[in-house]
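Protein sequences, first through last, are from chains A and B.
Note that our numbering gives residue 65 to position 71 of the first sequence, counting from 1, and the numbers run on in steps of one.
Just add 3 to wherever you are in the second sequence, counting from 1, and you've got our numbering.
Take the hints with a grain of salt, since some may be wrong.
Listed next, the in silico DSS-like pairs over lysine-lysine satisfying Cα-Cα at most 27 Å (straight line) [unchecked claim]: (1) B/K328 x B/K114; (2) B/K28 x B/K250; (3) B/K250 x B/K340; (4) B/K328 x B/K28; (5) B/K250 x B/K17; (6) A/K55 x B/K17; (7) B/K114 x B/K141; (8) B/K116 x B/K315; (9) B/K315 x B/K170; (10) B/K315 x B/K114; (11) A/K55 x B/K5; (12) B/K5 x B/K17; (13) A/K55 x B/K250; (14) B/K5 x A/K21; (15) A/K21 x B/K274.
Please keep in mind that the hints were generated in silico from the structure rather than gathered at the bench.
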Amino acid sequence: MCLALPAIIVEIRDADMAVIELGGVRKECSLALIDDAAVGDYVIVHVGYALTKLDPEEAEKTLQLFAELGEAALAAE
Amino acid sequence: MKYVDEFRDGELAKGLAAAVAIATKCAADATRSYSFMEFCGGHTHAISRYGIADLLPANVHMIHGPGCPVCVLPIGRVDMAIALALEHGATLCTYGDTLRIPASHGLSLLKAKSQGGDIRIVYSCADALALAQAHPEKQVVFFAIGFETTTPPTAVVIRQAQILGLKNFSVLCCHVLTPSAIGHILESPEVRDYGTVPLDGFIGPAHVSTVIGSRPYEFFAEEYRKPVVIAGFEPLDVMQAILMLVKQVNEGRAEVENQFSRAVTREGNLKAQNLVAEVFELRREFEWRGLNIVPYSALSIRGHYAQFDAEKRFPLSYRQVADNKACECGAILRGVKRPWECKLFGTVCTPENPMGSCMVSSEGACAAHYTYGRFKQLVQA
Ligand code: SF4
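Only chain A is shown next, with the shape it has when bound in the complex (with noise of 0.2 Å):
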């Protein structure tokens, strides 16, 4: 019950409701737990709830890492 992906907010309404989309299927998500949410945010949802937003220049952070650890292993094997 905990394998929740990141959903991107497509829609704010009101009482701190949001629609999320993810691979293309849209759902309500409640913000109550998160502060300045703004459509085009990526969000982690649990049990309907926004747990936290993405922070995208971290995940492009940790992708490169990702890459440059692998090139220098293999170039060293």
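Since chain A is already given, all that's left is putting chain B with the ligand on it; use the hints.
Okay, now just chain B with the ligand, sitting in the frame of chain A:
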């Protein structure tokens, strides 16, 4: 899907696997091996599903931890939920994952439902609240299970129920705490029976940590000298976390590192933490399936919100129900035994008819091995 596919890239996985292999050869003691526990069922799932164990050198062992809320829910709590529906005429709302957990007297929530219990699957606790609003004539109880990820939503609906003045909504609170379980694995009376815990470090939870932050793990790093690397749930995240753990061990470091920096901060989600603190308080003790009684490891509803506490609204009592004596979950959850070393594995105990916690959901150690690892082992034997 963005933020998913790139973190499952096969080419990058090869590179990371090579990096782990090189790192393990850099140990001061060339014969050493590494045992890491992934606490979360989500990581167990990723490791089994993507065959991460196959990408690791032979001297790196992954041990599946107790971080699956369905697995650690003790039978006695499921019995209480069943009693609510069958004996007290309540409408019980539950996440779908709990339906098949075998309870006492050959029952499960699913069977109780077929016997006429009003048991409904909800996707969110908000659905349970909406049901109570729409049906003032029903007593609606939400069966609240899970770790720090599902607790804040439960806090939100309890607060809403109070604001709405609902008289027919309550919560059977079974929320448990990750740090207490990690502490219990590292230091419990049973550790003496099982021998020393052969753990060199932990992969820390992904989504739980988005809520509680990375700070709570600093205690384990300092006090027990065990490195902790918080990791995302995608396979490349797990590979990188393993690499980071190997490096910490090699360099004699025991620190908290955050691989999942795209979602986790040191402080965590303060808004969620404050809500949880307002609605819940620590329980003195709580039974975990597979770990037994763990002190201060769960939450109950504060007195201020007592009218929404199903344990206060209904005459319910908790009775501990033992698992099959031959079940080795206690040793498996502490990393001392492997699923296939249990006599019941795959014969008496299967996912259809689990005897112990580790077989209950696909995120449990025994179930994961039953589903993904068993045949490979047969072929190799
Ligand atoms: S196989 Fe079943 S009985 Fe054995 S340890 Fe695993 S869950 Fe327990």
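Hints versus structure:
At roughly 25 Å between alpha-carbon atoms, B/K328 and B/K114 fall within 27 Å of each other, so this suggested pair holds. In summary, the hint linking B/K28 to B/K250 is supported, as the alpha carbons are separated by about 11 Å, within the 27 Å threshold. Using a Cα cut-off of 27 Å, the hinted pair B/K250 and B/K340 holds, with the two alpha carbons roughly 25 Å apart. A threshold of 27 Å between alpha carbons decides the hint, and for B/K328 with B/K28 the separation of about 41 Å lies outside it, so the pair is violated.
Distance hint between B/K250 and B/K17 is fulfilled; the C-alpha atoms sit about 18 Å from each other, no more than 27 Å. About 19 Å separates the Cα atoms of A/K55 and B/K17, which keeps this hinted pair within 27 Å; it holds. Of the supplied pair hints, the one linking B/K114 and B/K141 holds, its CA atoms being roughly 21 Å apart against a limit of 27 Å. Note on B/K116 and B/K315: the hinted pairing holds, with a Cα-Cα distance of about 24 Å set against a maximum of 27 Å.
Proximity of B/K315 to B/K170 is assessed by CA-CA distance (about 13 Å); at most 27 Å being required, the pair is judged to hold. In summary, the hint linking B/K315 to B/K114 is supported, as the alpha carbons are separated by about 26 Å, within the 27 Å threshold. Simply put, A/K55 and B/K5 have alpha-carbon atoms about 15 Å apart, close enough for the 27 Å limit, and the pair holds. In summary, the hint linking B/K5 to B/K17 is supported, as the alpha carbons are separated by about 21 Å, within the 27 Å threshold.
Our distance criterion of 27 Å between C-alpha atoms is met by A/K55 and B/K250, whose separation comes to about 20 Å. Of the pairs offered as hints, the one joining B/K5 and A/K21 holds, with about 17 Å between alpha carbons and a cut-off of 27 Å not exceeded. Taken as a hint, the A/K21 and B/K274 pair is honoured in the structure, with Cα atoms around 23 Å apart against an allowance of 27 Å.
Checked against the numbered hints given earlier, the structure breaks only hint 4 and satisfies all the rest.
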